[in-house]
Amino acid sequence: MSKRILCRCEDVTRAEFREAYAEGFTELESLKRYTGVSTGFCQGKGCLVESALELSSLRDVPPGDICLTNIRPPVEPVTFAELARLEPPPLLDDLKRTSAAAGPQRPDTGDET
Amino acid sequence: MTSLSDETVTIFFEGKPLPCRAGLSVGAALWEHGIKVLSHSHKFGRPRGLVCARGQCMSCLMRIDGEPNVRSCQTPVRQGQVVNRQDAGSCFAPAMHKALDAGGHLLPVGFHFKWFTRPAFLRRAFLDGLRPVTGVGKLPDRAVWSAARGGPPAHDHGVLETVVIGAGAAGMRAALAAPGRTLLLDDLPACGGQRRAALDRVAGEGDGLLAALPRLAQMRDRLESDARRISLADRIEVLSGVRVVGAYQPDMLLLKDESGLAVARAAAIVWAGGAWDRLGDFENNDLPGLMGPRALYRLAAIQGLRLAGARTVVCGHGFDLWLSAALLHAVGARVALVPDTVTGAEGEIPAASRRLGWALHAGLELRRATARTGALATLDFAGGGGLTRLPADLAVMCARAKPAHDIPYQLGADLVLDPDRGGFVPRAARTSGTVVSIVGEAAGAAPEDLCVEAVS
Chain A
1 MSKRILCRCE DVTRAEFREA YAEGFTELES LKRYTGVSTG FCQGKGCLVE
51 SALELSSLRD VPPGDICLTN IRPPVEPVTF AELARLEPPP LLDDLKRTSA
101 AAGPQRPDTG DET
Chain B
1 MTSLSDETVT IFFEGKPLPC RAGLSVGAAL WEHGIKVLSH SHKFGRPRGL
51 VCARGQCMSC LMRIDGEPNV RSCQTPVRQG QVVNRQDAGS CFAPAMHKAL
101 DAGGHLLPVG FHFKWFTRPA FLRRAFLDGL RPVTGVGKLP DRAVWSAARG
151 GPPAHDHGVL ETVVIGAGAA GMRAALAAPG RTLLLDDLPA CGGQRRAALD
201 RVAGEGDGLL AALPRLAQMR DRLESDARRI SLADRIEVLS GVRVVGAYQP
251 DMLLLKDESG LAVARAAAIV WAGGAWDRLG DFENNDLPGL MGPRALYRLA
301 AIQGLRLAGA RTVVCGHGFD LWLSAALLHA VGARVALVPD TVTGAEGEIP
351 AASRRLGWAL HAGLELRRAT ARTGALATLD FAGGGGLTRL PADLAVMCAR
401 AKPAHDIPYQ LGADLVLDPD RGGFVPRAAR TSGTVVSIVG EAAGAAPEDL
451 CVEAVS
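Protein sequences appear in the order of chains A and B.
Per this note's numbering, the first sequence starts with residue 1, numbered consecutively.
Per this note's numbering, the second sequence starts with residue 1, numbered consecutively.
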């Protein structure tokens, strides 16, 4: 069966992405949660730009109006055994500082927990 | 740069012994045996294979020596290695994959993770049934568990002056321009990036191929001279075989090499992480056998994948169209060229194609790819008054690449979506209040821009 795949990891077709938009998910952040684009193993390297461009044409807004979704480390798979070997104190300090500092701006989609 | 020998090792793929050339990755070795389908996607059961060949796309995940989710493009073959597809062993898998591929579009978006979420016992039963079919969720063999335990604590590089991530054209230039002690990181064994390896292979061809293609020769000169200057500069330390897998604001990097994770912080971080291949939007754009130029350079030039006699199609435009075609020519593949245009900067394409014996098809638009036994068989184009069908064992898509945005985003860079520059690119070279600056293809430059950039 012929398909135009948007996200290879989560197997999301372009048609599904448009369907989800038509259902009322109009922000990249909520589309990501609803369809699964960019939530797979590759963390959006294969589909995030394509999805953002698709959304900008669906919404008929300039591409510059579409904000990047949150991308959290690690960006490649890391095993728990490897993580366990990190010296915890400096990393924890950093995590605290990161969450305290204001991150890059993106729209409030109402589904942030 | 190629570390291939004539030595042969035997691996066991789904129980069958396969002789493989030592030095190849598992994925490339299987390709040489005509096995291009390495896994299946978990929803529609579509065939998946080598796509990025740099450990980033995860299309090649296999179960290797009892460990699930191993990147077969990054794992070298080893004597006695046991390699399996993750969905192998379920007798339902082929039938279910077929049914979902045919009828999946009738199911609601995200059905596979939204159905049967309640009650809990039903969810459990649904997942227990689904996992063996999709090939996910199977734990590693016990021997793998125990081997992963323990080990020394992760290395801490401390606070460094300047860290440059990526030793390609832009990263080398940035390291040379940086003041003071500089650490230059790359996942490849040598400086110059995957293009330098590809250019080396083209230059090694010997029949004047490189001399016939001046824009490639010019890029090679630049990369060679910069790599030489890097090796002479005492203040630049090159760390190869390292990938940056995460970043924490304001200045901390999570690094990964063969021995595990390490951390480093730096007063200045230069992101020269390059770009990701873009395959494009057409029917069956996910078939194994379709890849971008960066993947081709790694497979054919660095790993030494044998492509002699293969039918290959190179589509797109720009520097990578030339280099991909030249590399395929150098390794003995049959080359068909489908350029976006043969005018302007690409005006030399017809003459070069005639001279080098490349089949040239201009003015075509890619519509769909078709498969035979799961992998790419043909590309169908519209234009020229009908449908043009080109047979292809491998097709290289040289579209505008997408600047790698993940690590600079995590370091707080201000990124904006700009289709003309390929994707999410920095609004300015440097966002105030951050330690990261972004250069080269990661900042939206085209590879040809990197070549003509003035020497600093």
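Watch out, some of these pointers could steer you wrong.
Claimed, not checked - The calculated DSS-like cross-link candidates involving lysine-lysine, where the alpha carbons are at most 27 Å apart (straight line), are:
hint	chain 1	residue 1	chain 2	residue 2
1	B	Lys138	B	Lys114
2	B	Lys98	A	Lys3
3	B	Lys16	A	Lys3
4	B	Lys98	B	Lys114
5	B	Lys98	B	Lys16
Simulated from the structure, these hints should not be mistaken for lab results.
Pair hint outcome, lysine 16(B) versus lysine 3(A) [Cα-Cα no greater than 27 Å]:
Violated - the C-alpha atoms of lysine 3(A) and lysine 16(B) are around 32 Å apart, more than 27 Å.
Check the hint pairing lysine 98(B) with lysine 16(B) against an upper bound of 27 Å on the C-alpha distance.
holds (25 Å)
Given hint lysine 114(B) paired with lysine 98(B) - CA-CA distance at most 27 Å
Status holds; Cα separation ~21 Å.
Does the alpha-carbon distance linking lysine 138(B) and lysine 114(B) stay inside the 27 Å limit?
Answer holds: lysine 138(B) to lysine 114(B) is near 21 Å, not above 27 Å.
Is it true that the CA of lysine 98(B) sits at most 27 Å from the CA of lysine 3(A)?
Holds, because 13 Å separates the two Cα atoms, which is no more than 27 Å.
In the structure shown, a violation is registered for the earlier hint numbered 3 alone.
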